[in-house]
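Chemist: Can you make the complete structure from the sequences, with help from the hints?
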Amino acid sequence: MTTTTKPATPVAAPSTRRLGPASLALRQGRLEIRQFLRSRESVVFTLGFPIIMVLIFASIFSDEIAPGVSYTQYFITGMIATGLLTVSFQNLGIWIPIERDRGVLKRYRGTPMPKWVWFAGKVIMVLVTGMVMTALLLAVSVTLFDLNLPATGTAWLTFGWVSALGITACTLCGIAISSLARTARSGSAVVTPVALVLQFISGVFFVFTNLPTWMQQVAALFPLKWMCQGLRAVFLPESFGAQEPGGSFELARVALVLGAWCVIGLVLCLTTFRWTTRRDG
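If you want the working numbering, it's the 1-based position in the sequence shown plus 641.
Here are the computed lysine to any residue pairs in the SDA-like style, where the Cα-Cα straight-line distance is at most 25 Å:
hint	residue 1	residue 2
1	Lys747	Val764
2	Lys756	Trp916
3	Lys747	Leu667
4	Lys747	Ser664
5	Lys756	Leu909
6	Lys747	Val758
7	Lys756	Ile905
8	Lys756	Arg668
9	Lys747	Leu672
10	Lys747	Arg671
11	Lys747	Phe677
12	Lys756	Ile739
13	Lys756	Arg679
14	Lys747	Arg675
15	Lys756	Thr913
16	Lys756	Arg915
17	Lys756	Val904
18	Lys747	Leu678
19	Lys747	Thr913
20	Lys756	Cys903
21	Lys756	Leu678
22	Lys756	Thr918
23	Lys747	Phe760
24	Lys756	Arg823
25	Lys747	Thr918
26	Lys747	Ser680
27	Lys747	Arg679
28	Lys756	Gln676
29	Lys747	Arg668
30	Lys747	Arg823
31	Lys747	Arg919
32	Lys747	Gly670
33	Lys747	Ala761
34	Lys747	Ser683
Quick list of the computed label-pair ranges, beta carbon to beta carbon:
hint	residue 1	residue 2	range
35	Ser703	Met856	21 to 27 Å
36	Ala883	Thr917	48 to 54 Å
37	Ala901	Val838	19 to 25 Å
What the hints contain is simulated information worked out from the structure, not anything from laboratory work.
Source: prediction; values computed, not measured.
Just so you know, even glycine gets a beta-carbon here, dropped at the ideal spot from N, CA and C.
Modeler: Listed below in structure tokens is the structure:
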């Protein structure tokens, strides 16, 4: 009696499909967002700070600063810009030194993952957080303080490019300034004072033209002032442009300065960014 044996069925090799650049960036972005959400303190501060400040200042100051323009309307535009500064410049400037000090960046550099993927993940996290923060702030401002949303497509387009250029410039500058912190603990000490000073001199808490001339000139060197000015062109009447230092909202100059800061921030990132701490060499 003979027995026949069937030939063994070959086992298919596991798929080794290589992910494309977009998939890599999106995966890293999801990882960065999850890590951000796990830090409750950062979530509350980043998303809640602009809203809390609007609730406080709008409840205290209700006078008109120009015909048809209340202080609340003016202040909300500044807080949108400040919120974008917080989610990008301030958050990255504080958290990247922590990751560097813990050796996270050093381990990333030692993996086969392209280095640009790590940066793409940070950018995606900043963009998503910035959009959520802006949406929450607009919802609160419209509901509680009768903020008028842009009524034309042109105004929304202006809102889009001012926000995009502003958050890009602040993101690049946040990555660059993170290299100044020697340790994880010093990140906040380096970045927070810079962010606060910029807010006070850039027309966020006070009407910009009421500030001393020298302060206006210093603020004009940095992106936050131009972000505020561009957003005022979106949410305030066109007539308010006459109250600006240049006699108009100067949107062309806003685009030029913010674009220049995107280039400056990129150059600073390329020349100063470090994956390891100074003690690692």
